[in-house]
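Number of protein chains: 2
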Amino acid sequence: MSSLHQFLHHGNYSALQAHLVEMNPVDLARDLEQMERGEMLMVFRLMPKDLAAAVFTYLDSSLHRHIVETITAQEVRELIDEMFIDDAVDLLEELPSNMVRAIINNTSPETRSLINSFLKYPENSAGSLMTVEFVGLFETMTCQQALAIIRKSGVDKETIYTCYATDQSRHLTGAVSLRSILLNDNDCLISEIMHAPVICVHTSEDQETVARKFQEYDLLAMPVVDKENRIVGIITIDDIVDVIEAENTEDIEIMAALHPSEDEYLKTGVWRLSRNRIVWLMVMMISATFTGTIIGHFEEMLRGAVMLAVFIPMLMDTGGNCGAQASTLIIRGMAVGDIDLKDWSLVLWKEIRVGVIVGVALSLLNLIRIMLFTKAGYQIDLVVTLTLFITIIFAKTIGCCLPLFAKLCKFDPALMASPLITTIVDAFSLIVYFTAASCIL
Amino acid sequence: MSSLHQFLHHGNYSALQAHLVEMNPVDLARDLEQMERGEMLMVFRLMPKDLAAAVFTYLDSSLHRHIVETITAQEVRELIDEMFIDDAVDLLEELPSNMVRAIINNTSPETRSLINSFLKYPENSAGSLMTVEFVGLFETMTCQQALAIIRKSGVDKETIYTCYATDQSRHLTGAVSLRSILLNDNDCLISEIMHAPVICVHTSEDQETVARKFQEYDLLAMPVVDKENRIVGIITIDDIVDVIEAENTEDIEIMAALHPSEDEYLKTGVWRLSRNRIVWLMVMMISATFTGTIIGHFEEMLRGAVMLAVFIPMLMDTGGNCGAQASTLIIRGMAVGDIDLKDWSLVLWKEIRVGVIVGVALSLLNLIRIMLFTKAGYQIDLVVTLTLFITIIFAKTIGCCLPLFAKLCKFDPALMASPLITTIVDAFSLIVYFTAASCIL
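Residue numbers (our numbering), protein chains in the order written: chain A, 8 to 448; chain B, 8 to 448.
Possibly wrong hints are sitting among the right ones.
The list makes no distinction among identical chains, and a pair is therefore deemed to hold if it is satisfied within one copy or across any two copies.
As a list, the in silico DSS-like pairs of lysine-lysine whose alpha-carbon atoms are at most 25 Å apart [to be verified]:
id	residue 1	residue 2
1	K274	K220
2	K220	K417
3	K349	K274
4	K234	K127
These are computed hints drawn from the structure, not numbers from a lab.
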């Protein structure tokens with residue numbers, strides 16, 4: 008950063024240009040983000056076109072808009088033409104629609120038609136994730152012919168390490184690694200060394216499914232085919248890493264009863280942050296009032312034994328925590344593919360037994376504690392111990408059932424995480440508590 | 008699966024062998040896991056050595072042990088020699104130590120010394136994650152010489168798509184992609200086309216840091232160097248994808264107050280599952296009793312106005328949920344690198360404002376609700392509204408501060424997630440509640 012500044016201040020532009028091409032695009036983008044905007048634009052314009060396109064994709068989205076608005080239409084056109092199609096489409100999706108129209112009308116006809124077809128794919132589908140810059144070979148070629156094509160066309164391709172073989176009508180028939188092409192004889196046919204069948208996805212497949220396949224088969228790239236099994240693009244692992252992180256963030260946010268958001272925390276406004284939180288909070292606040300109603304129902308009993316109120320927080324918290332543990336394990340297990348709907352009976356039986364073990368341990372510990380430190384009388388001790396035990400087993404059971412049930416109904420299981428379960432378990436534990444109290448006291 | 012069975016039943020072993028080499032190792036491993044163990048072993052032994060080694064790495068760990076115990080020492084030796092070193096080390100780490108000793112003594116001397124040096128790296132370090140099967144080139148070579156080396160040695164290498172250039176003493180000096188070697192002239196020098204400096208990690212670096220670097224720079228492979236900057240291995244992206252998922256699972260489990268575990272849920276025993284949950288549950292149960300003590304302290308007041316107890320669950324739940332939302336966003340923000348310790352003032356100021364907005368909205372909604380449906384009297388309405396408002400702001404504040412504070416003290420911020428915060432917020436809200444009640448009533 009300071010070195011870029013120095014070059015600028017001394018007006019030493021050719022040395023700056025030489026320095027720029029030596030830098031890593033990621034680092035360069037980070038430095039640019041910290042510069043004053045006029046200087047940033049000056050440096051940006053000094054970069055060769057391919058570097059500028061690479062750096063641009065790593066810049067923050069607020070800077071994207073600033074740059075596109077500031078540079079000339081001709082420069083925008085060159086930038087978009089130089090970018091990989093999937094990056095260009097990502098850029099267009101974050102710009103306002105009038106700008107998008109202006110940009111698309113301004114690009115080269117081929118780029119324009121490509122972008123248009125990309126914009127038609129649903130968000131988060133394999134089609135929206137893919138890039139069209141792949142090496143396609145015919146299965147009838149020899150290794151030597153294939154290498155010649157890769158040498159000639161490889162420069163503009165996102166990855167050349169896996170090539171895809173097709174028949175004459177461009178139906179996907181096999182995959183062949185650059186490694187096999189290199190390591191085999193010159194006149195060996197592609198059809199002899201290619202792998203078939205190829206693991207591939209359809210354009211409309213959800214990105215989460217795509218990510219699972221990548222992980223399952225340890226792939227670096229995967230072809231995307233249309234309904235007629237013709238290859239239309241590839242997805243590369245670097246985009247999949249981002250998908251995995253985004254899906255994880257979404258799950259974690261939903262599990263904490265947040266409306267999921269793709270924006271960075273520090274760059275999200277206070278109103279937006281509040282809106283993302285408030286709906287679920289309201290729902291849960293209202294439902295928690297039912298729990299209050301239960302207490303209201305037993306008001307008379309509580310007046311007679313106010314001591315009962317002392318144990319309410321402990322019962323509610325422990326039940327909530329037990330439920331949260333169970334639901335978290337099940338939600339995560341389903342997300343990473345370890346647990347499937349058909350395992351429901353195994354899961355349920357496991358959680359019931361865990362509930363019994365945990366229930367015995369915790370209620371015994373608690374019994375000892377209240378007998379030693381609280382002078383509530385043995386009747387209340389009994390009520391508390393019994394309630395705690397039953398609540399824990401219930402919490403573990405409901406904690407594993409709800410996510411499975413959500414999956415069955417095709418809802419996101421993450422919705423069934425701790426806040427919702429806490430509310431249900433709270434109500435249950437209070438009903439058990441007061442019922443037990445009215446029987447025993 | 009059924010096709011494998013058919014071959015076996017007809018005793019058609021040569022056809023089975025031909026069928027096996029056509030299959031994807033991942034699918035093959037899945038099929039083997041579902042077979043009866045004797046048949047599984049028979050099929051396993053029919054595979055060519057390299058396929059057997061690939062399939063073996065995808066098998067479940069219980070089968071690993073079964074196979075290693077059943078096949079001959081000679082077969083184990085061939086299997087280990089054929090596997091990539093990092094996979095072999097992973098296998099050894101899951102076997103009991105007497106078996107490990109027997110296996111290591113039995114492998115070839117080179118493999119043995121490699122495995123031994125690997126076993127010295129701390130778990131989850133870059134050293135334990137790397138593989139030694141990379142292509143190393145000298146910077147003084149020409150592209151043609153480099154290609155000849157890749158062709159000759161490439162077969163046994165985990166990836167040949169990025170090669171690393173060193174000076175004569177094997178100090179890492181640059182990285183060069185197979186793509187550049189292919190696309191440049193035959194007599195172009197590696198030193199002219201290589202990238203420098205190379206983004207690399209030290210053997211002792213934590214795997215989470217390594218994963219961040221991979222994501223930041225969109226890499227497919229990264230070299231690992233020793234203290235003298237000599238290249239000792241590489242880490243490939245497929246292992247990083249697994250690291251990312253494992254780190255996410257760990258975070259999610261810690262956030263739900265679970266002792267993190269790397270085992271699959273369905274394969275973990277009931278006692279183990281219970282042990283992973285019980286310690287935190289006990290800690291939180293004991294701390295929740297302090298909340299109960301607060302109620303006990305105000306027993307007299309509660310006896311006079313039992314109605315107050317009705318609102319306790321709603322206040323506790325809402326406070327806990329607000330705190331959980333804030334802490335989750337901050338913990339996740341820090342995990343993906345969006346939020347840094349130095350941003351603490353920005354975060355705090357944001358959360359206070361969000362707290363005010365959410366607090367106003369929720370307490371107004373609640374006020375309307377209790378005025379309409381609960382006949383508690385305007386004094387209690389006032390106490391509840393005031394407590395709710397203050398609790399929400401407190402929950403948002405403490406929810407963002409605790410994870411930051413944990414990071415400052417070098418603890419895992421995920422420890423400060425909802426269960427712990429719930430306990431703190433519960434106690435706080437009850438103190439505010441009863442204090443307000445004693446002032447106003």
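Do the hints match the structure? See the list:
1. K274 / K220: Result: close only across copies, 22 Å inter versus 32 Å intra.
2. K220 / K417: within (20 Å within a copy, 36 Å between copies)
3. K349 / K274: between (42 Å within a copy, 15 Å between copies)
4. K234 / K127: Answer is within; shortest intra-copy Cα gap is 15 Å, inter-copy 51 Å.
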